[in-house]
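Visitor: When you get a sec, could you build the whole thing from the sequences and use the hints?
The primary structure of each chain is shown beneath.
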Amino acid sequence: MINAQNLRKVYKINVKKSGLKGALGNLFHSEWMEKVAVGDLSFQMKEGSALACIGENGAGKSTLIKMMIGILTPTAGQIRVFGKDPRKAGHGYLRRIGVVFGQKTNLWTDIPVIESYQAVKTLYKLEEKVFRRNYDRVVELLSLQPLLSVPARKLSLGQRMRADIGMVFLHSPELLFLDEPTIGLDINVKHTIRTFLRQMNQETGTGIFLTSHDLDDIDEICDDAIVLSGGRLIYDGGLEQLKHRFVQDKMIQVVGKQEGDIHSRLPLAKIGAEGRVTKIVYPVREYSSAEVLAAVSACFAIEDITIEEPDIDEVVSRIFAGEGTA
Amino acid sequence: MIRIFLEMKAQYIKTEMEYSANFWMMLFSGVLTRLVSMAAPFVIYSNLPDIAGWKRDEIYLILSFLFIAEGLCSVLFEGIWQMPAMVFDGKFDCILSRPVSPLFQVISYGMGLQGISVFLVGAVSLPVFLKRLDLFHPLGVVLSLFFVLCGTLLCMSIYLMGNCVVFWFDAGGRTTIPYTVSQVGQYARYPLEIYPNIMRFLLLFLVPYGFICVVPVEILRGSAAWTECFGVAGVSAVFFLVARAVFYRGIRHYESVGM
Amino acid sequence: MSREIKTGQVAARCVRPAAFLTQYLAEMVGALLIQGAVNLFVVLVGFLCFGRYMTIPSASALPAFALCLILAVMLRLMMIDVFSLLCFFTTGYLGISWTRAALFDFFSGAMIPVALFPGWLKAIACCTPFPYMLQAPVAVLLGQDTLVGLPAVYGLQTVWILIFLGLHGLIYGLARRNLTIAGG
Numbered sequence: 005m006i007n008a009q010n011l012r013k014v015y016k017i018n019v020k021k022s023g024l025k026g027a028l029g030n031l032f033h034s035e036w037m038e039k040v041a042v043g044d045l046s047f048q049m050k051e052g053s054a055l056a057c058i059g060e061n062g063a064g065k066s067t068l069i070k071m072m073i074g075i076l077t078p079t080a081g082q083i084r085v086f087g088k089d090p091r092k093a094g095h096g097y098l099r100r101i102g103v104v105f106g107q108k109t110n111l112w113t114d115i116p117v118i119e120s121y122q123a124v125k126t127l128y129k130l131e132e133k134v135f136r137r138n139y140d141r142v143v144e145l146l147s148l149q150p151l152l153s154v155p156a157r158k159l160s161l162g163q164r165m166r167a168d169i170g171m172v173f174l175h176s177p178e179l180l181f182l183d184e185p186t187i188g189l190d191i192n193v194k195h196t197i198r199t200f201l202r203q204m205n206q207e208t209g210t211g212i213f214l215t216s217h218d219l220d221d222i223d224e225i226c227d228d229a230i231v232l233s234g235g236r237l238i239y240d241g242g243l244e245q246l247k248h249r250f251v252q253d254k255m256i257q258v259v260g261k262q263e264g265d266i267h268s269r270l271p272l273a274k275i276g277a278e279g280r281v282t283k284i285v286y287p288v289r290e291y292s293s294a295e296v297l298a299a300v301s302a303c304f305a306i307e308d309i310t311i312e313e314p315d316i317d318e319v320v321s322r323i324f325a326g327e328g329t330a
Numbered sequence: 210m211i212r213i214f215l216e217m218k219a220q221y222i223k224t225e226m227e228y229s230a231n232f233w234m235m236l237f238s239g240v241l242t243r244l245v246s247m248a249a250p251f252v253i254y255s256n257l258p259d260i261a262g263w264k265r266d267e268i269y270l271i272l273s274f275l276f277i278a279e280g281l282c283s284v285l286f287e288g289i290w291q292m293p294a295m296v297f298d299g300k301f302d303c304i305l306s307r308p309v310s311p312l313f314q315v316i317s318y319g320m321g322l323q324g325i326s327v328f329l330v331g332a333v334s335l336p337v338f339l340k341r342l343d344l345f346h347p348l349g350v351v352l353s354l355f356f357v358l359c360g361t362l363l364c365m366s367i368y369l370m371g372n373c374v375v376f377w378f379d380a381g382g383r384t385t386i387p388y389t390v391s392q393v394g395q396y397a398r399y400p401l402e403i404y405p406n407i408m409r410f411l412l413l414f415l416v417p418y419g420f421i422c423v424v425p426v427e428i429l430r431g432s433a434a435w436t437e438c439f440g441v442a443g444v445s446a447v448f449f450l451v452a453r454a455v456f457y458r459g460i461r462h463y464e465s466v467g468m
Numbered sequence: 086m087s088r089e090i091k092t093g094q095v096a097a098r099c100v101r102p103a104a105f106l107t108q109y110l111a112e113m114v115g116a117l118l119i120q121g122a123v124n125l126f127v128v129l130v131g132f133l134c135f136g137r138y139m140t141i142p143s144a145s146a147l148p149a150f151a152l153c154l155i156l157a158v159m160l161r162l163m164m165i166d167v168f169s170l171l172c173f174f175t176t177g178y179l180g181i182s183w184t185r186a187a188l189f190d191f192f193s194g195a196m197i198p199v200a201l202f203p204g205w206l207k208a209i210a211c212c213t214p215f216p217y218m219l220q221a222p223v224a225v226l227l228g229q230d231t232l233v234g235l236p237a238v239y240g241l242q243t244v245w246i247l248i249f250l251g252l253h254g255l256i257y258g259l260a261r262r263n264l265t266i267a268g269g
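As given, the protein sequences belong to chains A, B and C, one line each in that order.
Each position in the first sequence, counted from 1, maps to that position plus 4 in my numbering.
Each position in the second sequence, counted from 1, maps to that position plus 209 in my numbering.
Each position in the third sequence, counted from 1, maps to that position plus 85 in my numbering.
Worth double-checking, as some hints may not be accurate.
For the chain B half of the interface with chain A, some residues (derived, Cβ under 10 Å), not all of them [as the list claims (entries may be wrong)]:
{"#": "1", "residue": "Thr224"}
{"#": "2", "residue": "Ile386"}
{"#": "3", "residue": "Tyr388"}
{"#": "4", "residue": "Phe456"}
{"#": "5", "residue": "Ile460"}
{"#": "6", "residue": "Arg461"}
{"#": "7", "residue": "Ser465"}
These stretches of chain B come out as covered by chain C in the derived footprint (C-beta under 8 Å, 3 or more residues) [said to hold, decoys possible]:
{"#": "8", "region": "227–233"}
{"#": "9", "region": "253–259"}
In case anyone wonders, no lab produced these hints; they're calculated from the structure.
Glycine included, every Cβ here is placed at the ideal spot set by N, Cα and C.
Guide: Structure, rendered in structure tokens:
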């Protein structure tokens with residue numbers, strides 16, 4: 005479905021010097037610096053699969069997505085989606101894909117959500133039957149009914165994101181690009197969206213290309229992953245393998261009275277208790293999150309519980325440093 | 210396409226009317242700004258008998274054509290003025306990722322409420338001054354409608370060209386260049402004879418406000434040949450094509466630079 | 086400021102330990118100084134090119150002019166402030182901004198000198214604060230007829246500043262009590 009070969013994108017950045025003298029200097033003489041956003045990137049994505057693109061800020065993820073949509077010209081290399089060059093494929097290509105930008109909304113901000121959806125129907129030239137089917141589906145699965153008559157600018161972030169994601173499925177895209185779709189959302193909305201995306205991927209075979217910082221995002225939706233750092237590909241393969249190799253421990257912190265023997269249920273975990281707060285660090289290879297949560301609920305009268313993810317930067321730096329056991 | 214364009218406009222008006230204080234304020238400001246514009250020639254003519262042989266009512270006719278064009282552009286094509294913000298916020302990426310002409314999307318986005326009253330001021334004063342100048346006959350009316358059509362197209366093209374600078378100059382989301390360009394139109398409210406040749410060239414061929422309002426009145430009052438109508442149509446069409454080309458070139462540039 | 090009100094950022098201004106008006110004036114004066122420097126440069130260039138068409142002010146008028154100018158700038162800032170405060174009560178700022186600009190452009194003499202207005206219009210203009218922001222200081226500088234006499238000019242400028250200060254207090258108080266910021 006997607007084929008990238010030696011993809012490269014270099015930005016020219018105006019070097020701004022600091023201080024008053026520097027600012028005056030900028031006025032008369034521009035100094036340009038080259039920044040390699042994406043350098044020599046090659047990867048492939050299979051039909052109907054869900055691919056995660058992981059990387060720290062500035063790793064080149066957004067740049068990559070823009071090149072795949074066709075709104076950014078690569079400096080070198082080539083990218084083919086559905087066997088075509090996105091830049092030259094025109095409106096036909098845009099009809100086959102869907103895009104969700106996490107920080108910007110696809111909805112028209114001043115008009116009610118339902119009107120934006122109607123606009124999509126007209127602009128994408130959808131048949132009433134197809135549109136109606138998709139529309140009913142997304143409204144039901146994402147609980148959009150109460151939001152339909154509200155203008156987008158009045159929605160909260162979580163509501164807007166749900167409406168955005170609903171909107172992108174209306175025209176039955178074959179491939180979906182999502183750039184940080186769950187950023188800033190609370191855990192409930194994240195879960196709703198992740199479940200929905202996973203469901204659509206499995207039921208309709210819609211390909212998903214997702215970028216995110218949140219490993220759980222990727223965990224629940226995708227099977228494969230590519231890791232970018234500094235614009236370069238440092239890992240390309242299955243997600244499970246990625247985790248097993250590079251993500252070693254997760255931490256759960258429980259506030260509450262310990263009533264059962266947690267040590268015997270999780271012998272391989274490091275457990276430290278301070279008063280009513282207990283920290284459990286467990287190796288992910290030995291225990292699944294579900295197991296640990298079950299053990300914790302059985303052994304504690306839980307007042308509060310926090311699950312700490314390994315930092316994506318940590319994971320990336322580990323990969324970079326070549327750590328992790330095979 | 211036209212249907213969805215009009216539907217979206219209807220939607221905007223509906224949403225804007227919910228905020229009645231702002232709605233009426235915008236409409237009021239449209240009326241006030243144009244009344245003030247009309248007060249200026251009034252003051253001038255209380256001091257002078259004529260300007261280069263032009264009567265006061267002829268100046269008002271110039272203003273009528275200008276207001277109608279500006280009003281229609283504000284109502285129909287206000288999205289053009291949102292372009293700098295869209296490019297800066299990255300919303301332009303959303304536009305580029307839809308299978309719809311980006312130009313169409315830009316012009317259908319939003320509505321300038323003040324345009325409603327500006328258009329009304331122009332639409333009311335046009336027949337009034339046509340009558341006072343004995344031009345309210347079938348030919349005069351037909352010509353006027355023709356000028357209104359060309360003028361609106363030309364006005365939109367000028368706005369579009371002005372706002373396209375944002376594709377080349379990363380101005381941090383706010384640039385006054387488009388506004389400054391539109392302000393050149395202030396000079397096109399008076400007969401061009403009073404200006405030196407450089408200004409005339411500017412107002413006719415670089416920022417052709419002259420063809421929106423002054424040349425039409427020159428034709429109507431007889432100081433320009435009726436063949437000038439081809440000039441009006443020609444300049445409007447050419448300028449529109451140029452503006453459109455600049456717009457798409459700007460998008461190409463935006464796509465290669467990215468940030 | 087009107088934009089700040091629209092986006093709700095004005096809330097940050099309200100919770101700072103300095104009075105709303107003081108913050109605004111301080112910022113505006115700072116911005117005006119820079120703008121003034123740029124404008125002065127442009128004017129000098131213009132003077133070099135077209136100076137022979139311009140009336141040269143006499144040095145003796147400068148002290149009177151300086152006072153008039155300071156009062157005029159204060160007055161203009163206060164007027165802008167009061168108009169901007171009206172944005173607390175509507176959702177958009179453009180309408181108010183344009184109305185204010187239209188009134189100022191015409192009645193201050195920016196479009197056409199007030200001295201050229203027909204008698205009845207001149208009288209109306211002199212009852213508004215606008216001529217004293219622009220026409221008056223210019224007239225003082227060039228030694229022209231100031232329409233109401235120099236002491237009256239200073240007096241009216243001061244009176245209008247006080248009126249706007251009062252209006253500011255009134256409107257701002259009302260606004261603070263009703264302050265809601267659009268969510269979402």
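Visitor: Would you mind marking each hint as holding or not holding in the structure?
Guide: Hint by hint, here is what the structure shows:
1. Thr224: Because about 5 Å separates Thr224 (chain B) from the closest Cβ in chain A, which is inside the 10 Å limit, the hint holds.
2. Ile386: violated, 17 Å
3. Tyr388: violated, 22 Å
4. Phe456: violated, 15 Å
5. Ile460: holds, 9 Å
6. Arg461: holds, 8 Å
7. Ser465: holds, 4 Å
8. 227–233: Held - the region 227–233 of chain B has 3 residues with a Cβ nearer than 8 Å to chain C, which meets the minimum of three.
9. 253–259: holds (count 3)
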